[in-house]
Amino acid sequence: MLPDHAAIYDAAREAASQIACRPIKEGQRLVTSGLIDSLSVLKLISLLEKKLSVSIPPETLQPEDFDDVDLIVETIERVAEPAS
Amino acid sequence: MPFNSLPYLGFLIVAVGVYWLLPPRFRGIFVLLASLAFYASWDVVFVWLPLMVAAVVYVSGRQIQSDVSGAKKWMWTGIVLVLAPLILFKYRSFVVVNLILLAKAMGAQPFSLVAAIAFPVGISFYTFEAIAYLVDVRQRRVTMPKFIDLCLFFMFWPNILSGPIVRARELTPQLNFRKPFEPRFFFEGFDRVIWGLVQKNVIANMLGIWVDRSFSPRAAGSPSTIDGWFLAIAFGLQIYFDFAAYTNMAIGAARLLGVTLPENFRQPYHAATPAEFWSRWHMTLSRWIRDYLFFPLNAKWQGAPVPLYLSLVGVMALVGLWHGAGWNYVLWGCLHGMYLVAYLVFESFKTEHAFLGSRPAAMIWRVLTLVGVSAAWVVFRATTLSKAGAVLTSMFYRFAGGRAFGGEFYVFTFAVVLLCAAEPAILQRLTEMEEEAGADGLSLFRVVGRPIAYLVGLLLFLLFDENRTQFIYSQF
Numbered sequence: 026m027l028p029d030h031a032a033i034y035d036a037a038r039e040a041a042s043q044i045a046c047r048p049i050k051e052g053q054r055l056v057t058s059g060l061i062d063s064l065s066v067l068k069l070i071s072l073l074e075k076k077l078s079v080s081i082p083p084e085t086l087q088p089e090d091f092d093d094v095d096l097i098v099e100t101i102e103r104v105a106e107p108a109s
Numbered sequence: 037m038p039f040n041s042l043p044y045l046g047f048l049i050v051a052v053g054v055y056w057l058l059p060p061r062f063r064g065i066f067v068l069l070a071s072l073a074f075y076a077s078w079d080v081v082f083v084w085l086p087l088m089v090a091a092v093v094y095v096s097g098r099q100i101q102s103d104v105s106g107a108k109k110w111m112w113t114g115i116v117l118v119l120a121p122l123i124l125f126k127y128r129s130f131v132v133v134n135l136i137l138l139a140k141a142m143g144a145q146p147f148s149l150v151a152a153i154a155f156p157v158g159i160s161f162y163t164f165e166a167i168a169y170l171v172d173v174r175q176r177r178v179t180m181p182k183f184i185d186l187c188l189f190f191m192f193w194p195n196i197l198s199g200p201i202v203r204a205r206e207l208t209p210q211l212n213f214r215k216p217f218e219p220r221f222f223f224e225g226f227d228r229v230i231w232g233l234v235q236k237n238v239i240a241n242m243l244g245i246w247v248d249r250s251f252s253p254r255a256a257g258s259p260s261t262i263d264g265w266f267l268a269i270a271f272g273l274q275i276y277f278d279f280a281a282y283t284n285m286a287i288g289a290a291r292l293l294g295v296t297l298p299e300n301f302r303q304p305y306h307a308a309t310p311a312e313f314w315s316r317w318h319m320t321l322s323r324w325i326r327d328y329l330f331f332p333l334n335a336k337w338q339g340a341p342v343p344l345y346l347s348l349v350g351v352m353a354l355v356g357l358w359h360g361a362g363w364n365y366v367l368w369g370c371l372h373g374m375y376l377v378a379y380l381v382f383e384s385f386k387t388e389h390a391f392l393g394s395r396p397a398a399m400i401w402r403v404l405t406l407v408g409v410s411a412a413w414v415v416f417r418a419t420t421l422s423k424a425g426a427v428l429t430s431m432f433y434r435f436a437g438g439r440a441f442g443g444e445f446y447v448f449t450f451a452v453v454l455l456c457a458a459e460p461a462i463l464q465r466l467t468e469m470e471e472e473a474g475a476d477g478l479s480l481f482r483v484v485g486r487p488i489a490y491l492v493g494l495l496l497f498l499l500f501d502e503n504r505t506q507f508i509y510s511q512f
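In order, the protein sequence lines correspond to chains A and B.
Heads up, the first sequence is in my numbering, so the first residue is 26 and it goes up one at a time.
Heads up, the second sequence is in my numbering, so the first residue is 37 and it goes up one at a time.
Simulated from the structure, these hints should not be mistaken for lab results.
Honestly, I wouldn't trust all of these hints.
Unchecked claim - No more than 30 Å apart at the CA atoms, straight line, and that leaves these computed lysine-lysine pairs for DSS-like: (1) B:386 - A:50; (2) B:126 - B:109; (3) A:76 - A:50; (4) A:76 - B:386.
Said to hold, decoys possible - If the Cβ cut is set under 7 Å, some of the chain A residues that face chain B in the computed set are: (5) 28; (6) 31; (7) 63; (8) 67; (9) 85; (10) 87; (11) 88.
What the hints assert, rightly or not - Label pairs and their calculated CB-CB ranges: (12) B:223 - A:80: 46 to 52 Å; (13) A:26 - B:209: 35 to 41 Å; (14) A:107 - B:217: 52 to 58 Å; (15) B:135 - A:26: 53 to 59 Å; (16) A:46 - B:442: 36 to 42 Å; (17) B:60 - A:85: 32 to 38 Å; (18) B:296 - A:50: 22 to 28 Å; (19) B:222 - A:47: 40 to 46 Å; (20) A:99 - B:296: 22 to 28 Å; (21) B:209 - A:47: 32 to 38 Å.
Quick reminder that beta carbons are idealized off the backbone N, C-alpha and C, glycines included.
So that you can see chain A by itself, here it is in the shape it has in the complex (with noise of 0.2 Å):
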């Protein structure tokens, strides 16, 4: 079972402030602002997936799904499975 949507929430904030080197505020741009890269995005992935004990199959993912916190919420509620 996934964890529910505060967890989610708390650990897509922490996990975006750690790649982005910042704390990141509720509907700050990450991606399409520059501040982080595709490359980072996929460190996020895989940090998210760490954290939350979940798998996000990343093939029919863009980087922009993980624009701000709240995407990065809903990306991981509409794809992430839980870790077998």
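Put chain B on the given structure of chain A with help from the hints.
Just chain B, lined up with the frame of chain A:
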């Protein structure tokens, strides 16, 4: 009908006028007809090709939506079908010529095939839009519109020739043309169109006169060191102002219809790193490569260093090949790939060595980026690899004195460098002047400054009209 011609300006004014006079329900069909007429003015023989691409996307896209288990198969079928004309028309001669060379090198019997055939304008751009469309439908980011709306998406005249490469989700919702008229559409549109005319006819074409002469196969010998550097810088500025001019005119034409197209440039020569250069240069192509090629590839390998470095060089070689069927373009792409790899390697050592994260190190990267980009432009522009080698040798290795041009070349190139350097400050000031005037308010800038600027811009365009040449990117 090139964008920088009086017939096109006539077409634009009539089309925009009729568009706003028509009731909204007729605007879509009118823009489609105007777009067909515009494309036919370039290429009447191939006007069916973007429509065929639209038909392939329509059929494949509907199948992707309805047949969930076979969605992947339909997506790949669609991609192969839209790529086929690009390969046939753009890369056939490249493949044939290289096959013949390979056969000769291996001592096989010489053979001949018809290599050169006509090249439909805009094919590289609308093919990439079609691939993105199919992937986005498969990823459920967009749904299939009516066929006529899809034709309008691919034929939309402002961006069919050379982009910006748009995504379905940013353009399709705007193509219902329901927006009521706002005066700012005209100001914003004409600002871009007229600045584009000046960029193309005055700046890019003037630089092109010197650059074309020096890079032509008939140009003798190696340039001096100073001339080599000035030529590399002049071509870098020429191609920037040429493509930015086209893009401004495309964005401006769309804006006159109330449509917003994505930006393609953000002062690329102000980039501090090779990676930043690609987030400022041809931004819609970079975005396409990132979303549909680089990210899926590296997501599969989870960003492991060796596949990452190899994929960077490979993807950038493909970017080069996208520009043209020639080894110089492939080499240009590989060079940029290697710059990106070098910067990534540098970044991986940053945490261990304090100096690497210091301001002097950042300054060194800024200079290296400019030097690397300029050197790569020489390879891109040279008609032969030996010509590129001669210019690069003069720039970096065998220093030689002398000047082959009149003073006006050096002064003009230097003035354009200064303009580039001042571009962010100028744009900032113009934005402030707009904001000071408010959304609907009148100001000295709007009532007097803008009409005078339009008049001067049009006069400059007419004055330099004799230098009219094709936009560089319309060949890609």
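Verify the interface restraint on residue 67 (chain A): the C-beta must sit less than 7 Å from at least one C-beta of chain B. holds, 4 Å
Classify the hint on residue 85 (chain A) as holds or violated, based on whether any CB of chain B lies nearer than 7 Å to its CB. Result: holds, 5 Å to nearest chain B Cβ.
Restraint status (C-alpha distance of residue 76 (chain A) to residue 50 (chain A) at most 30 Å): holds, 20 Å
Confirm or reject the claim that residue 60 (chain B) and residue 85 (chain A) have a C-beta distance inside 32 to 38 Å. Given a distance of about 36 Å, which is inside 32 to 38 Å, the answer is holds.
Taking the CB of residue 26 (chain A) and the CB of residue 209 (chain B), does the distance hold inside 35 to 41 Å? holds, 36 Å
Taking the closest Cβ pair, is residue 88 (chain A) under 7 Å from chain B? holds, 6 Å
For the pair residue 107 (chain A) and residue 217 (chain B), does the Cβ-Cβ distance stay inside 52 to 58 Å? holds, 53 Å
Would the pair residue 386 (chain B) and residue 50 (chain A) pass a check requiring their Cα atoms to be no farther apart than 30 Å? holds, 26 Å
Hinted contact residue 28 (chain A) with chain B - closest CB pair below 7 Å: violated, 22 Å
Status of the given 53 to 59 Å range, CB of residue 26 (chain A) versus CB of residue 135 (chain B): holds, 57 Å
Does residue 76 (chain A) pair with residue 386 (chain B) here, judged by a C-alpha cut-off of 30 Å? Roughly 26 Å between the alpha carbons, so the hint for residue 76 (chain A) and residue 386 (chain B) holds.
22 to 28 Å was suggested as the range; check whether the CB atoms of residue 99 (chain A) and residue 296 (chain B) agree with it. At roughly 25 Å between Cβ atoms, residue 296 (chain B) and residue 99 (chain A) fall inside 22 to 28 Å, so the hint holds.
Going down the numbered hints, you'll see the structure goes against 5, 6, 16, while the others check out.
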